[in-house]
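So the sequence lines, in the order shown, correspond to chains A and B.
Using our numbering, the letters of the first sequence correspond one by one to residues 98 to 415.
Using our numbering, the letters of the second sequence correspond one by one to residues -16 to 302.
Take these hints with a grain of salt, some might be off.
Below, computed lysine to aspartate or glutamate pairings styled on EDC-like, alpha-carbon distance capped at 20 angstroms [claimed, not checked]:
1) Lys405/A / Glu389/A
2) Lys176/B / Asp283/A
3) Lys411/A / Glu59/B
To give an idea of the interface, some chain A residues facing chain B are shown, with a C-beta separation under 10 angstroms as derived from the structure [said to hold, decoys possible]:
4) Ala265
5) Leu282
6) Asp283
7) Ala305
8) Ile329
9) Glu384
10) Ala388
11) Met409
Anything over 12 angstroms on all C-beta distances counts as not near chain A; from chain B, calculated [unchecked claim]:
12) Gln17
13) Glu25
14) Gln28
15) Pro32
16) Asn35
17) Leu38
18) Lys43
19) Phe50
20) Asp51
21) Gln56
22) Glu82
23) Ala83
24) Gln104
25) Thr192
26) Ser194
27) Arg248
For the record, the hints were derived by calculation from the structure and aren't laboratory data.
On a predicted model such as this, the values are computed, not experimentally measured, just so you know.
For glycine and all other residues, C-beta sits at the position ideal for the given N, C-alpha and C.
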Amino acid sequence: MYSYLDFEKPIAEIEGKIKELRHLSDDSGVNILDEVSRLQGKVDRLLRQTYSRLTPWQKTLVARHQLRPHFSDYSAALIEDFTPLAGDRLFGEDRAIIGGLGRFRGRSVMIMGHEKGADTDDRVLHNFGMPNPEGYRKAVRLMRLAERFDLPAITLVDTPGAHPGIGAEERGQAGAIARSIETCLDLRVPMISVIIGEGGSGGAIALAAADRVIMQEHAIYSVISPEGCSSILWRSAEHAREAAEALKMTSEDLLKLGVIDAVVEEPVGGAHRAPETAIERVGDAIERALAELRPLSGGELRSRRRQKFLEMGKLTLG
Amino acid sequence: MSWLERFARPKVRALFRKNDIPENLWEKCPNCEQMIFHRELETHQRVCPHCNFHLRLDAKQRLRFLFDNGEYQTIELPEVVADPLKFRDRRRYAERVREARTTTGLTDAVIVAHGELGGSQVVIPVFDFDFLGGSMGLAVGEGLLAAAQLAVLQDSPLIVVPASGGARMQEGVLSLMQMARTTIAVDQLREAKLPYIVVLTHPTTGGVTASFAMLGDIAIAEPGAVIGFAGARVIEETIHEKLPEGFQRSEYLLEHGMVDMVVHRHKLRETLIKLIGLLRDSGARADVVALPRTGLEIPSVGSDAKVSKGPSETPSGPS
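Take these sequences, add in the hints, and give me the full structure.
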């Protein structure tokens, strides 16, 4: 069953009608092809209209859409011989961050990222993509491994944020995030990050201090969730829409601010409507970035990456 | 001298002087609720003489208690884009900043100071919690970068004293980027082989802990400080459980291996002096060892090197 977002109601109605008509034609043999194609045209127009001017809050809902492709969909489609590697060698295996070796368009890479999970059981298994300290420590281990074998590191970011839990704090969540950021900024191999869904705060930047930060058109990237921001600054959870506006968390705004380097256009109606196309386009963007970065030496990569972050904050939305 | 300097400045100064006179001569300890005379509180560095509770310090008090003779210079914070997102919640962010500047007399949540500690140069950026919860935005990021550069330039250690709720929401993702930028800042100390010490004070949470604050070569915490990433309330609401006693407090962090030591405010200066002396192998500097042994207590300055040489040592200079 396809799940529609609230603002997609008009689209849902027409698509419902199309289904009914198809059903009818099966039974009665009436030719309704003209009517169906007319309605389909209407759906396409509506989708194009709706998705070309999504509000930041609507983008938040799209970024969190259940059917939006997740890490596992990307690794399945883009990576041959994907070989997950587990554990931080200190405490445990955190399934909120998956990573491993594989071949991307013919060349070996290290790929890692947050996994939110596909259905209820899967989501629980992956802790809804909210890492514990072990996740970041595993990420650090894999980044260093990539560096040792001169392999590019690719990260896919999709997390509501770090896991708020007693154990996470006791095992040094803050330090683990800090060291992961530090490692990203120190690597002497190409490092590419793609914000594929939700780029939630510390849990996101831990994997995203990269040479190239690429963002899916309808993804969001923010210092705090709109809900969290609303409850702190407005003292009530009801202002999430306004908070989403104020936080400037869309790909369009972040590109202007120089926080991200490129935006990947999503298929009409969002990545969840055509996952294969959406994933393929991200693959192309990664390939382009890799082609630019591969000729650079380790030292050059590292110093340019650091310089890029040092220069951030000079651009405005203008 | 322009009219502005002649008239506006003294007026502004008068305004601040007024603030310096405590409205109440007595302050109540938030912990034991005993009344403490303000002068006594000051001589105790705002540690309750009855129960040892560490009351909060503003940035200037902190600096006065850290540097030799309370003397230091501050550097001007580099200019940053003001209100980059034109942020507005119930109030305009620009307004909140203006108000914080008036009440604290600071330009942003961090002061970068340099001066002598135990006779050697140090750079100390200190956070002021009264400035928008000590939150980290562009200005704080720039402040830390400037502090790190100054330390490298002076070949001196960097001691950061955070007191911060975390990243400044009103600067959105640009605040999140300060986590990366401040990490680069303190990494420069590492590259220059200079000590980077963090003194975690109440409270140090959120994006500040998840970047430079947890990357110190040595991590010191003040007693009873709340130090953590996620807020206690958020955790409680997520797991629907009561949090353990002392959760996210300094002593709890020490127990879990997250800090090197919990140090009483009265011992902080001497601890820092000792650590820097040890890290830089400079405890036996001439100006320290050459002091005559008069039986008087030598004011905290790197006295450890002497002690380690034993009581039979003559008061002659170093070899």
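Evaluated hints:
Of the pairs offered as hints, the one joining Lys405/A and Glu389/A holds, with about 15 angstroms between alpha carbons and a cut-off of 20 angstroms not exceeded. A threshold of 20 angstroms between alpha carbons decides the hint, and for Lys176/B with Asp283/A the separation of about 16 angstroms falls inside it, so the pair holds. Only pairs whose Cα atoms come within 20 angstroms are accepted, and Lys411/A paired with Glu59/B is accepted, the gap being roughly 18 angstroms. Taking 10 angstroms as the C-beta contact cut-off toward chain B, the hint placing Ala265/A at the interface holds, the least distance being around 7 angstroms.
A cut of 10 angstroms between beta carbons decides the hint on Leu282/A: the least distance to chain B is about 6 angstroms, and the hint holds. With its C-beta approaching chain B no nearer than about 8 angstroms, Asp283/A sits inside the 10 angstroms limit, and its interface hint holds. The interface hint given for Ala305/A holds, since its Cβ lies 9 angstroms from the closest Cβ of chain B, which is under the 10 angstroms cut-off. Interface restraint check: Ile329/A against chain B, minimum CB-CB distance 7 angstroms, threshold 10 angstroms, status holds.
The interface hint given for Glu384/A is violated, since its Cβ lies 25 angstroms from the closest Cβ of chain B, which is over the 10 angstroms cut-off. A cut of 10 angstroms between beta carbons decides the hint on Ala388/A: the least distance to chain B is about 25 angstroms, and the hint is violated. For Met409/A, the interface hint holds, since its Cβ comes within 10 angstroms of a Cβ in chain B; the closest pair sits about 5 angstroms apart. Every beta carbon of chain A lies more than 12 angstroms from that of Gln17/B, the smallest distance being close to 32 angstroms; the non-interface claim holds.
No Cβ of chain A comes within 12 angstroms of the Cβ of Glu25/B; the nearest lies about 33 angstroms off, and the non-interface call holds. Annotated as non-interface, Gln28/B keeps its C-beta farther than 12 angstroms from every C-beta of chain A; the closest such distance is 27 angstroms. Residue-level check passed: Pro32/B sits 32 angstroms from the nearest beta carbon of chain A, beyond 12 angstroms. With a closest Cβ-Cβ approach of about 25 angstroms to chain A, Asn35/B is found to remain outside the 12 angstroms limit, as its non-interface label requires.
Consistency note on Leu38/B: stated as away from chain A, and its beta-carbon is indeed over 12 angstroms from all of that chain's, at 24 angstroms minimum. Remark: the non-interface label on Lys43/B is consistent with the geometry, its nearest Cβ contact in chain A lying 27 angstroms away (cut-off 12 angstroms). Remark: the non-interface label on Phe50/B is consistent with the geometry, its nearest Cβ contact in chain A lying 27 angstroms away (cut-off 12 angstroms). For Asp51/B, the requirement that its beta carbon stay farther than 12 angstroms from each beta carbon of chain A is met, with the minimum near 31 angstroms.
Distance check on Gln56/B: its Cβ is at least 25 angstroms (rounded) from any Cβ of chain A, clearing the 12 angstroms threshold; non-interface status holds. The Cβ of Glu82/B sits about 15 angstroms from the closest Cβ of chain A, beyond the 12 angstroms cut-off, so the non-interface label holds. The claim that Ala83/B is not at the interface with chain A holds, since no C-beta of that chain comes within 12 angstroms of its own (minimum 15 angstroms). Every Cβ of chain A is farther than 12 angstroms from the Cβ of Gln104/B; the closest lies at roughly 25 angstroms, confirming the non-interface assignment.
The Cβ of Thr192/B does not lie farther than 12 angstroms from every Cβ of chain A; its closest approach is about 4 angstroms, which violates its non-interface assignment. At the 12 angstroms boundary, the C-beta of Ser194/B falls inside the reach of chain A, the nearest C-beta of that chain being 5 angstroms off. The Cβ of Arg248/B lies farther than 12 angstroms from every Cβ of chain A, with a closest approach of about 23 angstroms, so its non-interface assignment holds.
Hints 9, 10, 25 and 26, counting from the list given before, are not met by this structure.
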